[in-house]
Amino acid sequence: MASARGALDRYFGITERGSTLSAEIKGGLITFLSMSYILAVNPLILSPAAEGYTFDELFTATALAACIACLLMGLYARFPVALAPGMGLNAFLSYTICQSMGFTYEQGLMVVFISGTMFFLVTVSGIRRGMVESIPKSLKIAIAAGIGFFIAIIDLYNTGIIVHGTSSALVPGDMSDPGVLLALFCIIVTVCLWYRRKWYAIILGIIATWAIGALLFRYGLESEIGTLPDAGLVTGISAPDFGLFAKVFTGFEMFPSSMWVAFIGALVSMFIVDMFDTTGTLISVSSMSGMSEGRDEFDTIDVAMRADAAASLSGAMVGTSTTTSYIESFTGIESGARTGILALVCGLLFAFAMVFSGLFASVTAACTAGALILVGLIMVRNIRDIEWKDPVLCFSSIITVFMMGLAGSITDGIGIGIMAYVIGYVAMRKEKEISPTMWVLFLIFTGYFVIHATIY
0 MASARGALDR
10 YFGITERGST
20 LSAEIKGGLI
30 TFLSMSYILA
40 VNPLILSPAA
50 EGYTFDELFT
60 ATALAACIAC
70 LLMGLYARFP
80 VALAPGMGLN
90 AFLSYTICQS
100 MGFTYEQGLM
110 VVFISGTMFF
120 LVTVSGIRRG
130 MVESIPKSLK
140 IAIAAGIGFF
150 IAIIDLYNTG
160 IIVHGTSSAL
170 VPGDMSDPGV
180 LLALFCIIVT
190 VCLWYRRKWY
200 AIILGIIATW
210 AIGALLFRYG
220 LESEIGTLPD
230 AGLVTGISAP
240 DFGLFAKVFT
250 GFEMFPSSMW
260 VAFIGALVSM
270 FIVDMFDTTG
280 TLISVSSMSG
290 MSEGRDEFDT
300 IDVAMRADAA
310 ASLSGAMVGT
320 STTTSYIESF
330 TGIESGARTG
340 ILALVCGLLF
350 AFAMVFSGLF
360 ASVTAACTAG
370 ALILVGLIMV
380 RNIRDIEWKD
390 PVLCFSSIIT
400 VFMMGLAGSI
410 TDGIGIGIMA
420 YVIGYVAMRK
430 EKEISPTMWV
440 LFLIFTGYFV
450 IHATIY
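Numbered as in numbering that gives the first Met the number 0, the sequence shown ends at 455 without a single skipped number.
These are calculated hints, taken from the structure and not from any lab test. Idealized CB from N, CA, C, for every residue including glycine. Certain hints may be false.
Below, simulated SDA-like cross-link-like pairs (lysine to any residue); rule was C-alpha separation at most 25 Å, straight line [stated by the list, open to error]: (1) K136 x K431; (2) K246 x K429; (3) K431 x I187; (4) K25 x I206; (5) K429 x M100; (6) K197 x G446; (7) K136 x G407; (8) K429 x A406; (9) K246 x M258; (10) K246 x S133; (11) K388 x I134; (12) K431 x I398; (13) K429 x G357; (14) K136 x I443; (15) K388 x F112; (16) K246 x E223; (17) K429 x I397; (18) K429 x F394; (19) K25 x S46; (20) K246 x W387; (21) K429 x S133; (22) K25 x A406; (23) K136 x A406; (24) K25 x R77; (25) K431 x D384; (26) K431 x G446; (27) K136 x I282; (28) K197 x L220; (29) K136 x L442.
Simulated restraints on C-beta separations [as the list claims (entries may be wrong)]: (30) G219 x S133: 54 to 62 Å; (31) S133 x A426: 30 to 38 Å; (32) P171 x C393: 27 to 35 Å.
With the sequences and hints as input, model every part of the structure.
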């Protein structure tokens, strides 16, 4: 027993990083509970696009992708960060790529897979750092904020809190509907717990809302938008359903030539979002855990970036959106975890969770309303760091956020923001400050919009 603990200590550097095995296990458990909402939320977001596939298949794909990614991060990189299918990336796959652009779910997975392959290649080749640093910080913040805005709008619409109006684009929904009231309750509970810095804010918000909603449904109340949970749908332990495994390869069948433009736009957008999202999280985690103290931040996370890039392929392989590093890993680090054991524990718990799809099947959009609003809020809050005094960065950043949230397209938001930045700096005769990466992206998105307008 002592020799096993010693081997663990040496491999993960537990003592070296000032931690203990019990602190690592506790940190992994807390992190898993903090991010376990993804097991309910991800299938709900993907289900409108994944026609012909069941909740059990989407649930298994979510848990399996998270399990593989966490184990890879824990055992290979030995870094204290957990991964799972990313919020924002899942909405992008479902609402933009599949429902808006018209791709099938399998073709959407193909976009995820190719994007993940590109992401892996630029990471192992060392190009990733240069690409991240060549895009203005303000635009990177705006992209994250725009996705947060996009997630929040979708959540409010799906729960009936806002609806399409006649006098304006969006108006408040029916506030007498039990489902709408339940969603509002979930948001209030979740956000209030978050105000008090409770790590369990999201999971407790889901549980409390589900319990109250199940009681309302039990006693005959009905919702026109169908968001009251039915406790009768809860079942016991069941075998995982791997029906989506390797379905990505059926998406490589040729699609109409008219969709190639949309395909390229979606591919570039997903690549950009994944790269910035996960890099920012890894840098933040390394800083908070003290691992980057006195070292270059990119050198500190180099191995973790490789593990993350490899893990990004697992999502498409098992049938879900790209996996990414989760900011909820902070909760485990705050409790004392400092090594890859945190990720290892999370991976094992996600594997264990695969048999509980019946427990999550009754969770409705109202029960996860607080989770989506809070995640959106967290993604938006860094908007304060945009360089507002620079007119070009101010305009290009805000148009990125507005186009994502109000036009409902992450691809269009990123493209218009990049074009606004390049045109603005050329107009101000500062073209020398525009990086080669931005010029390439400008040309790609200019072609995307021109051809898209011509075809459609």
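Status of each hint after checking the structure:
1. K136 x K431: With Cα atoms ~17 Å apart, K136 and K431 stay inside 25 Å; holds.
2. K246 x K429: violated (47 Å)
3. K431 x I187: Violated. K431 to I187 sits at ~48 Å, over the 25 Å cutoff.
4. K25 x I206: holds (21 Å)
5. K429 x M100: violated (35 Å)
6. K197 x G446: Between K197 and G446 the Cα gap is close to 47 Å, so the pair fails against 25 Å, i.e. violated.
7. K136 x G407: Holds, because 23 Å separates the two Cα atoms, which is no more than 25 Å.
8. K429 x A406: violated (30 Å)
9. K246 x M258: holds (20 Å)
10. K246 x S133: Status violated; Cα separation ~35 Å.
11. K388 x I134: Holds - the C-alpha atoms of I134 and K388 are around 18 Å apart, at most 25 Å.
12. K431 x I398: holds (23 Å)
13. K429 x G357: violated (58 Å)
14. K136 x I443: holds (20 Å)
15. K388 x F112: violated (39 Å)
16. K246 x E223: violated (34 Å)
17. K429 x I397: Given that 25 Å is the threshold and the Cα spacing comes to 20 Å, the pair holds.
18. K429 x F394: holds (16 Å)
19. K25 x S46: Since the Cα atoms of K25 and S46 sit roughly 33 Å apart, the hinted pair is violated (cutoff 25 Å).
20. K246 x W387: Violated. K246 to W387 sits at ~45 Å, over the 25 Å cutoff.
21. K429 x S133: OK: K429 and S133 at ~15 Å, within 25 Å.
22. K25 x A406: It is violated: about 43 Å lies between the C-alpha atoms, which goes past 25 Å.
23. K136 x A406: It holds: about 23 Å lies between the C-alpha atoms, which stays within 25 Å.
24. K25 x R77: Given pair K25, R77 holds - Cα atoms ~16 Å apart, limit 25 Å.
25. K431 x D384: holds (24 Å)
26. K431 x G446: holds (22 Å)
27. K136 x I282: holds (14 Å)
28. K197 x L220: violated (32 Å)
29. K136 x L442: Between K136 and L442 the Cα gap is close to 20 Å, so the pair holds against 25 Å.
30. G219 x S133: 54 to 62 Å: holds (59 Å)
31. S133 x A426: 30 to 38 Å: Roughly 21 Å apart at Cβ, these two residues miss the hinted range, so it is violated.
32. P171 x C393: 27 to 35 Å: holds (30 Å)
In summary, the numbered hints that this structure violates are 2, 3, 5, 6, 8, 10, 13, 15, 16, 19, 20, 22, 28, 31.
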